[in-house]
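Please put together the full structure from these sequences, using the hints given.
Chains as they are written, first to last, in the working numbering: chain A, 216 to 537; chain B, 216 to 537.
Some clues are possibly wrong.
In this list, chains with the same sequence are indistinguishable; a pair is considered to hold if it fits within one copy or across any two.
Listed below are the simulated SDA-like cross-link pairs for lysine to any residue, each with C-alpha atoms no more than 25 Å apart in a straight line [said to hold, decoys possible]:
no., residue 1, residue 2
1, 515, 482
2, 439, 464
3, 523, 475
4, 515, 465
5, 368, 235
6, 439, 463
7, 439, 465
8, 523, 478
9, 276, 312
10, 515, 475
11, 515, 468
12, 514, 254
13, 510, 313
14, 368, 431
15, 439, 510
16, 341, 537
17, 515, 478
Keep in mind the hints are simulated off the structure, nothing from the lab.
Take a look at the letters that make up each chain.
There are 2 protein chains.
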Amino acid sequence: MASFTSLAHPNIAMIKYWGNRDNTLRLPVNGSISMNLDGLFTRTTVNFSASFPAHKLTLNKRQILGPGLERVSYILNIVREMAGIKENAEVTTENNFPAGAGIASSAAAFAALALASSQAAGLNLKQDQLSRLARRGSGSASRSIPSGFVEWKMGQAEEDSYAISIAPPEHWDLTDCVAVVNAGHKKTGSTEGHALAGTSPLQNARVQDTARRLDICRQAILQKDFDALAHIIELDSDIMHSVMMTSNPPLMYWQPATLRVFQAVREWRASGLPVAYTVDAGANVHVITLREQSKMISKKLNELPGVKNVLTANVGGAARAA
Amino acid sequence: MASFTSLAHPNIAMIKYWGNRDNTLRLPVNGSISMNLDGLFTRTTVNFSASFPAHKLTLNKRQILGPGLERVSYILNIVREMAGIKENAEVTTENNFPAGAGIASSAAAFAALALASSQAAGLNLKQDQLSRLARRGSGSASRSIPSGFVEWKMGQAEEDSYAISIAPPEHWDLTDCVAVVNAGHKKTGSTEGHALAGTSPLQNARVQDTARRLDICRQAILQKDFDALAHIIELDSDIMHSVMMTSNPPLMYWQPATLRVFQAVREWRASGLPVAYTVDAGANVHVITLREQSKMISKKLNELPGVKNVLTANVGGAARAA
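Pasting the structure below:
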């Protein structure tokens, strides 16, 4: 049985995923759109061997037990069943971006795991199968399988809930400037958060309006219409955080500095700069801009009070062998 | 024709009014609940005289023309029609609280105007009629007519959309500590904001859930259940701001310091203090607490970075002769 090493990028959602219709299968209540983040990646090696007494997970050179190992084992066991094997696996994985840098790592992690584990088990899954497999580890991981600008179709069932590329990375030179703000509070994890989405009196309205927002966002990307993109991604981010903060218990991810970045972004756009904000389940602000403006925007973000540092990423490719 | 001087308190909404089903009559899309704010008031004197060439408005010793005079004239003309008179009026009004102190002045202003103008015109309107009249100048003014804790029933028509007292001021010793934060940006006025409410994809969900929130809030007041009150007023405030920030164009009233006060209030409540936040169409945070704790809470609020000053008010009475 071969060893296989894969690489996958994290992604930033432009139309957000929040809430599942099936928490175990991670079937979402709405479709979502994202772009992969080049330069940032998780690299994962998987070996299956009859000599391993159990699955083993090493993340950034430290062995992981407990819930982290269980979540990875869940995917490994699906892969074993698909491949008809019984061996245990050793998984060695590293991120080239720090924890707490404002980038969710689970998307890249489970995309890389889906590819490496299926290949190591002798499977040669197609992209839609890989996306579905990655989805079962982390919903947003389904979007880190295809290349560039990606849409995760919610589907009618398990079989058709996967992500596809809607445009390659070279289609549009966007850059994500991630303004990392001083978080101060530990956030509620996404898995737990998704389970709370339905407790907000606003979630149904959010879900029912999503097809409209997906259409606007998809068209803005295909037509490279920055202004349309800016308005829809800010609206979508604000709608998701509206649901979060009106959940029971409420999830308030924003910090004072988050609002300060929002204000700056709105002012810069009013003055003619191509900038728009979006925020995941955290306090850090992803400021989307054009690549040619990204150095200047990054510098301006760094000068805002409350911004600790700024990470930048262009549009990234598909999960692949490494 | 007699001169009449009235006094009315501003109020702070616990279940918010946001959006009209009729913008001219100011018939709301949902009912609301508030408490009047003692110690703060507008005092208004109205004279009708055949010798006045036109309506005249003097606010805080300065003559007002343009939209301010027009809005007052609209009420004066309704009163003239009700009374069957043709004289013009002089209106002299003063607030004992500064503009920009975090207290909306239009509720007290139009409640005082409704009472003074109708009495000066020789009418002796009942409370429900006064509340309806005040409503036509400013929706929330309908709630500054009755005493103490007040509910504005949305009604089926113009005739039954008015406010009633659900408990007198002495029912529950609550205090509103208003944390005034550095606003920095000019806000969109409420009248304009109400007209935008329907552009949010979340407004229908907010409206449809309002009867539930009204019931919880009314019961919390009647039973003096602070914890239940805290949860429902924070949820309701966050729901209204969710609608505001997802309107087209978006209305973001919160400032970084607004979130800082939210965080402090949540921490204080978690540590056992009776505190809850609510925010109107502005950046200032109304922190509701028990009167016996209000000095301590006011002091703690004053110590937060970004809080300029703190105003406190207990539960106030009805609009009345002064």
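Going down the list of hints, with the structure as the test:
{"no.": "1", "hint": "515 <-> 482", "result": "within (12 Å within a copy, 33 Å between copies)"}
{"no.": "2", "hint": "439 <-> 464", "result": "between (39 Å within a copy, 22 Å between copies)"}
{"no.": "3", "hint": "523 <-> 475", "result": "both (13 Å within a copy, 18 Å between copies)"}
{"no.": "4", "hint": "515 <-> 465", "result": "between (32 Å within a copy, 24 Å between copies)"}
{"no.": "5", "hint": "368 <-> 235", "result": "within (13 Å within a copy, 37 Å between copies)"}
{"no.": "6", "hint": "439 <-> 463", "result": "between (38 Å within a copy, 22 Å between copies)"}
{"no.": "7", "hint": "439 <-> 465", "result": "between (36 Å within a copy, 23 Å between copies)"}
{"no.": "8", "hint": "523 <-> 478", "result": "both (17 Å within a copy, 20 Å between copies)"}
{"no.": "9", "hint": "276 <-> 312", "result": "within (14 Å within a copy, 63 Å between copies)"}
{"no.": "10", "hint": "515 <-> 475", "result": "both (13 Å within a copy, 23 Å between copies)"}
{"no.": "11", "hint": "515 <-> 468", "result": "both (23 Å within a copy, 23 Å between copies)"}
{"no.": "12", "hint": "514 <-> 254", "result": "within (19 Å within a copy, 49 Å between copies)"}
{"no.": "13", "hint": "510 <-> 313", "result": "within (21 Å within a copy, 45 Å between copies)"}
{"no.": "14", "hint": "368 <-> 431", "result": "within (15 Å within a copy, 39 Å between copies)"}
{"no.": "15", "hint": "439 <-> 510", "result": "within (20 Å within a copy, 56 Å between copies)"}
{"no.": "16", "hint": "341 <-> 537", "result": "within (17 Å within a copy, 80 Å between copies)"}
{"no.": "17", "hint": "515 <-> 478", "result": "within (13 Å within a copy, 27 Å between copies)"}
The structure agrees with every numbered hint stated previously.
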